[in-house]
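Asker: Same order as they appear, the protein sequences are chains A and B. Each residue of the first sequence is one higher than the last, beginning at 513 in my numbering. Each residue of the second sequence is one higher than the last, beginning at 513 in my numbering.
If you're looking for bench data, these hints aren't it; they were derived computationally from the structure. Quick caveat: nothing in here was measured; it's all calculated off a predicted structure. Built from N, CA and C at the ideal position, the CB exists for glycine as well. Hints may contain errors.
Pair ranges (Cβ atoms, derived) [as the list claims (entries may be wrong)]:
{"hint": "1", "chain 1": "A", "residue 1": "D586", "chain 2": "B", "residue 2": "E846", "range": "31 to 39 angstroms"}
{"hint": "2", "chain 1": "A", "residue 1": "E631", "chain 2": "B", "residue 2": "S635", "range": "27 to 35 angstroms"}
{"hint": "3", "chain 1": "B", "residue 1": "S635", "chain 2": "A", "residue 2": "D875", "range": "43 to 51 angstroms"}
2 protein chains.
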Amino acid sequence: MGNPRTHLANSLHLHSLPLSVADMSEVLTFIESNLDRFRAELYEFLRIPSISAKTEHVEDTRRSAQWLANRMRDAGLEVEIIETPGHPVVLGEWRGAGEAAPTVLVYGHYDVQPPEPLEEWVSPPFEPNERDGRIYARGSADDKGQLYMHIKALEALLTTNGSMPVNVVVLAEGEEEMGSPNLVPFVETNLDRLACDVVLISDTSMFSEELPSLGFSLRGLAYFEIHVSGARSDLHSGEYGGAITNPGNALAHILATLHDKRGRVAIEGFYDDVVEWDSKTRAQIESLPHSDEQYREELGVRQLNGEDGFSTLERLWIRPTCDVNGLLCGYTGEGAKTVLPNHAMAKVSFRLVPNQTDGKVRDLFEKHVQHVTPEGVTVQINELHGGRPWRASVEGRYFEAATQALEEAFGTTPVLMGSGGSIPIVVEFEERLSAPVMLVGFSLPGCNLHAPNEWLPVENFERGIGALALLYQKLAN
Amino acid sequence: MGNPRTHLANSLHLHSLPLSVADMSEVLTFIESNLDRFRAELYEFLRIPSISAKTEHVEDTRRSAQWLANRMRDAGLEVEIIETPGHPVVLGEWRGAGEAAPTVLVYGHYDVQPPEPLEEWVSPPFEPNERDGRIYARGSADDKGQLYMHIKALEALLTTNGSMPVNVVVLAEGEEEMGSPNLVPFVETNLDRLACDVVLISDTSMFSEELPSLGFSLRGLAYFEIHVSGARSDLHSGEYGGAITNPGNALAHILATLHDKRGRVAIEGFYDDVVEWDSKTRAQIESLPHSDEQYREELGVRQLNGEDGFSTLERLWIRPTCDVNGLLCGYTGEGAKTVLPNHAMAKVSFRLVPNQTDGKVRDLFEKHVQHVTPEGVTVQINELHGGRPWRASVEGRYFEAATQALEEAFGTTPVLMGSGGSIPIVVEFEERLSAPVMLVGFSLPGCNLHAPNEWLPVENFERGIGALALLYQKLAN
């Protein structure tokens, strides 16, 4: 063990680790000495505005897939771009460990959320900018940055050692931010190729800085657009106001009926399938180093608020929600236009918890809205996005390997945490591939996912690549 | 009386009129033979996008004033463009009738409403288009078309007869659609110049086709913008949903509290100053040829709706309202963006009836909103526009003259009607100039004021010029 160790290797506490891990020092040295290039490559990736939900970015999204495929090939994978009815899947494979070795399916996505409102970005969303140890760009955390950490970990292993002890299949889709409409059919028609022993996903956050985390839950999603329509056209609010139902007023009324005074969703039957969590899990959540006051301060709100009877972390992880995501009606420009609008639109989404399903919530929501819609207007509901909630079984050898890899890379035992967000494909993977899913995320709370000024800590990008290289090595044990 | 009479003169039933009116035949012949030119000029006026509420149209609005001033000069008036802190006033005067004769103050406005939503216009808003006997353009009815009818009536009288029996002052402002912020100060500093015996305004509609009308009331206006603010920035609705108050949900809640189940405004004290109208006026309203079913059909709504206990015309004319004019929050583009917005905005306006005032309604509204705003968000209210309601005294010699002029021009006795809209300056004129105001309007219900596809009937433009020429002649009697 006379070899000089690199800074990264030192920071990973290799001096106190068993031999098999210490053998990783060459891999970690490779990562250390190539970090500048890795970051420069990530910036190229982030510059491509692969906004999957917008039709005008179809070509950008395809370009993003092509760019990723090339980098995956450079890393040593066999890569194929596979068409779907929407944006393509990029599939990379390395099966050199042989049939007896475990196979890991890595899932990530190369598409991003729309960047609006643009005026709130300090630096442009598609021009990565490093400030205060953070990489600011749309997709830096969700999910290009985290997906790319896997590619670089694989490159480090394959370049340094020429092999790995596990087979790896990387599945990168381009439709996660629009609800993955073509992914389940893709999985179904490629079951053999995707067969695996464990699924590894880095699309979540750590609980806090320097506290690595493994995810134990995800919320599901049911996302709708409500359209309320009145007269044939917009009318003058003086000439006609008072004689017909105003779609803007009607929409406000409909939305206001969705909650009761206790902060609960006031749709009949909404909680019927909600599982009450066991006291052990609730106690574990309670034990996490969370401060309501600090959280409130970070968000810049007057006070926290939510469902009666639950703590903030419980409200975020194990309780369902109903949020307005968008409103549009009438005149919204400068000044006072006295219009009686003939149309009002809301985007409304529900976060779901086990065992709710988006299908049942859609039925309950539609029934509720029909019931509360005022006379004189018509209402239409479109479902834009749906996904089931998920709860992990946090045990077994792969889970143990992840715990060790994170502990070694970050120097501290990882915690278990829930996630308020949704990755609908997780349940599908688990059921269709009969393999456990592990969520190993490296972004941070406050990373502005889906908001202006999204960022990823430079340090987590660097440490995370090391942690993933360690994890691939350990999954074979 | 051997002179051949023109078509217009015939249509005005001059064969049955007394001599003084029959003398008008030359004037009416002039109007008849210049109609094509009048219309072409109006089209020039309508092509100027004088949208007073939008800063990018400041120059267009000024150009509109300049154009109007030139046409008023052509008509025989002495004209001055007078600066204000906002858009200028165009003041035209003809005082040739002498001090003993009555002076008529004609008021109108050369600015227009914003044309949005543009995609709903069949022909472009600022390119006049004639279809089915209607002039389609923003401002055709409100108010360029009606203001220009006065200019052409004056031109016909002054060109044909070289004089009129009344003095005339035309006051055209460019800020009516933004609440006339500089008009009262202008009136106050020009009381001598605006001194008059009667004020004449054509900025309302007739009750129906071929049924000329005189206005007996206007509603007032109190127009607000509500801003609800939450977190420091937009957030991911999965990562944060459930733990803080969503400004979109909060805004919907606030707006929903503004009405009760009987269709009344549910703000404490809102009805305290509302005058219950006398049974005679209500009976007169009841006697008008109105069909709810036809009205419903014209508007294209499922059913009419409004305050319990009042008919449609009463709801429109003598009862106050509260309408959402605009909503904006979060993501409103294509697809499903899972954003927890940090801001939500509504434009909300009240139509007022005697003796409500916008000042008191503002106080009541602010108090109400503060009271019902959920915890965890902040709310700010901006007042954009205010104006007092008005009720006419429908008697006296000028009122009699108007009744006769309309009857002669349209061949039928005019009806009395209310107006749901607001012309806040009317009360101000009446009080500050101590002169009665007469509303003689020529647009029609369904003219799409403040909405896409605004129109004015060609026939009313033509007949109206004749009616106004007759009226100027009669006001001296």
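Asker: With reference to the structure, classify each hint as holding or not holding.
Answerer: Against the structure, the hints come out as follows:
no., hint, in the structure
1, A:D586 <-> B:E846: 31 to 39 angstroms, "34 angstroms, holds"
2, A:E631 <-> B:S635: 27 to 35 angstroms, "34 angstroms, holds"
3, B:S635 <-> A:D875: 43 to 51 angstroms, "44 angstroms, holds"
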